[in-house]
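Enquirer: Read off the chains here:
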Amino acid sequence: MEKPVTKRLLFDFFSEKSTAMQRKLIEEWLEDAANQELYYKYLDEWESENPQFFPDLDRAMRSYQVQLTGAAGGRASTGVTVKMQRIPLFRRKIWRQMLAAACVVIATCFLFRKELMYQSLNSASGHSASYQLSDGTTVLLNANSTLLVPRFGFGSGSREVELQGEADFNVTHTGSNNRFIVNMGDHYRIEVLGTQFVAYSRREEKRVFLSRGKVKLRLPQGKQVYMKPGNLFTSGSNGSFDMSVPAKPQKYTAWKEQLFYFDNSTLSEVARQMKERFDVDVRIPDTVLAERRIGGIYRAEHPDDLFSILSELLLIEVIQNQDHVELHIQKNQ
Amino acid sequence: MADIYLDGLDNAQSGRKAPRLGTPHIETVVTDDELLLRNMFQEDSQKACALLFRRYYVNLCNHAVRFVHSKEIAEDIVSEVFAGFWQNRVFEQITTSYRAYLYKSVRHRSYNYLKWQLNKTTSLDFEDLTVISQDLSPDEILHYSELHHRVETIIQNLPPQCRRAYLLKRIEGKKYDEIASELQISPKAVEALVSRALARLRNELRGEWFLGGLLFFYTPF
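From first to last, the protein sequence lines are chains A and B.
Numbered by our numbering, the letters in the first sequence go through residues 5 to 337 in order.
Numbered by our numbering, the letters in the second sequence go through residues 9 to 229 in order.
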């Protein structure tokens with residue numbers, strides 16, 4: 005049986021004049037979806053009768069009108085499709101051929117959609133490159149990295165890019181609150197509205213370090229996690245991951261200033277980082293030497309900068325070969 | 009054209025509500041007072057949006073201001089909801105009435121704003137903008153109203169000077185030195201009064217964030 009919840013009872017509730025029992029009554033009454041509709045109808049009537057201030061409707065209306073007529077507005081309206089159906093019958097054959105041709109074009113476009121729709125921003129090895137995207141977002145690409153961005157600017161929906169390598173994003177918050185999405189491959193993706201973070205996306209590891217704001221990470225198997233400023237996300241093998249607050253966040257942002265940050269890193273780790281940034285193949289045949297550790301922050305714009313630092317610090321010999329560089333312990337020691 | 013529809017909408021409402029004012033009545037059927045609007049969305053969604061805006065903007069602002077206590081922010085919230093409504097073509101997707109959608113969205117955003125404003129720990133960024141079908145339990149629906157009651161009570165119970173400073177700052181959007189000369193105290197003292205009011209709100213609303221668990225359902229840290 006329907007409970008007798010009246011407009012008066014609801015109005016009393018809106019004005020904080022109802023008892024706990026009346027509240028219970030309303031709560032039960034709201035179980036019915038139709039009554040929920042009624043609830044908002046009465047809420048609206050109650051608001052009409054209890055105004056608190058009088059916003060300037062005309063001014064607000066004018067700015068909404070601008071949005072409505074602006075290009076940002078939705079897709080083709082239904083009126084267009086109605087007109088399409090009025091094509092005379094005798095032209096249907098031509099129309100069909102045109103449709104077939106259009107299908108071929110669409111299929112071709114679909115096959116090459118990535119090349120067509122996206123342009124790639126690159127950075128040369130050893131150099132970072134900075135770009136500003138059409139929405140105002142700035143991206144600093146670390147060396148050896150590629151960012152795919154929509155060729156024709158971002159649409160009215162979410163802003164999607166694809167990252168291979170490492171980049172620092174300073175995402176601007178758009179007025180219409182469109183999400184900014186970074187696809188990192190292997191079903192990892194970052195979703196944000198406006199914030200700053202460093203994303204590292206290479207086959208062996210995905211990493212995200214958040215400087216400010218908040219981001220949502222989508223992980224393989226449909227999992228998702230939220231990150232807070234200062235958090236470092238690191239993917240592990242077989243879908244596991246680690247979320248930590250690094251004590252020395254500079255390690256993850258050092259590359260932006262052409263710096264190398266070594267925190268008790270092995271020489272083989274140094275070699276790996278050099279491969280990443282300068283694309284030089286550094287080999288350390290001596291396993292003992294490969295396990296030597298080094299710490300500190302070093303500026304290096306060229307591989308040679310770092311090699312000269314290393315050779316001084318660790319007393320090693322740098323031998324340049326045709327396609328790779330070898331590190332050896334100095335013979336005369 | 010728009011005005012005719014607007015009149016039709018309002019007449020439909022007032023026509024039904026007039027006879028039963030004050031008399032207990034069992035409401036079983038919801039008659040569809042948005043039929044005209046819905047037809048209009050099929051024909052000319054732009055015009056229909058404008059009409060909806062004209063019809064609900066003021067009331068929605070008045071509703072939002074109960075939560076956020078700032079005319080400017082209330083207007084921003086309502087404008088954003090309408091912007092999303094048009095840009096994401098929400099009107100094609102909703103299953104409830106336009107009115108229910110608008111009220112739910114404005115309440116949701118106001119709630120998030122209030123929570124963010126008091127705690128600053130959660131980010132506004134993650135507020136989902138186009139909650140197409142927000143299924144709220146009856147308890148949650150009522151809780152929204154109770155939240156703005158609670159806010160009102162807390163403000164009413166503030167010491168008079170503290171309340172005045174808070175209202176001038178938030179509702180009127182005045183600057184600290186303007187309020188200072190009005191209350192004849194130093195700007196520093198005004199600042200202290202306003203932050204005391206905010207602290208009171210923060211403490212007393214601590215148990216009120218009823219949607220918390222829904223918004224961030226997976227946070228392992």
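There's no promise every hint is true.
The following label-pair restraints were derived from C-beta to C-beta distances [stated by the list, open to error]:
#	chain 1	residue 1	chain 2	residue 2	range
1	A	N54	B	D52	30 to 36 Å
2	B	S189	A	H131	35 to 41 Å
3	A	L115	B	T103	50 to 56 Å
If you want the footprint, here are the derived chain A segments under chain B, 3+ residues with CB under 8 Å [said to hold, decoys possible]:
#	region
4	17-26
5	31-45
6	55-67
Please keep in mind that the hints were generated in silico from the structure rather than gathered at the bench.
Glycine is no exception: its CB is placed at the ideal position from the N, C-alpha and C atoms.
Enquirer: Need the list of violated hint numbers for this structure, in ascending order.
Expert: 2 and 3
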